Amino acid sequence: MFIHLGDGTVIRSKDVIAILDSNSQDSSSITRQFLQAVENDDKEQIADSEAKSVVVTKEKVYFSPISSLTLKRRSQIISEYDEYHEEIQSAKED
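Residue numbers (full-length UniProt numbering): 1 to 94.
Keep in mind that a hint or two might mislead.
Said to hold, decoys possible - Straight line, CA to CA, 27 Å or less: simulated DSS-like cross-link-like pairs of lysine-lysine:
| id | residue 1 | residue 2 |
| --- | --- | --- |
| 1 | K58 | K14 |
| 2 | K14 | K92 |
| 3 | K72 | K43 |
If you are wondering where the hints come from, they were derived from the structure by calculation, not from laboratory data. All of these numbers come straight from a predicted model, not from anything done at the bench.
Could you put the whole structure together from the sequences, leaning on the hints where they help?
Right under this line is the structure:
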């Protein structure tokens, strides 16, 4: 499944490692150091507006204008759907 990060950017949900609030880089030195260490080619600012969340994937770090809470809800809905779909497939095979 996929998660829409804003401004037409969509990523595979299974590639998501973390969804962080953009304010976490102000409160956590480890997060700030990690984001500073990421190469520019591996960063993507999704929209011209201020980033509300940071989405870390295997390939890139995305700065999204959508809140981390909204993105987490979207990913949970997808996860629940995937689990339900797997249960149905398993029941069909039995």
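A quick look at each hint next to the structure:
no., hint, in the structure
1, K58 <-> K14, "holds, 10 Å"
2, K14 <-> K92, "holds, 24 Å"
3, K72 <-> K43, "holds, 20 Å"
Of the numbered hints given earlier, the model fails none.
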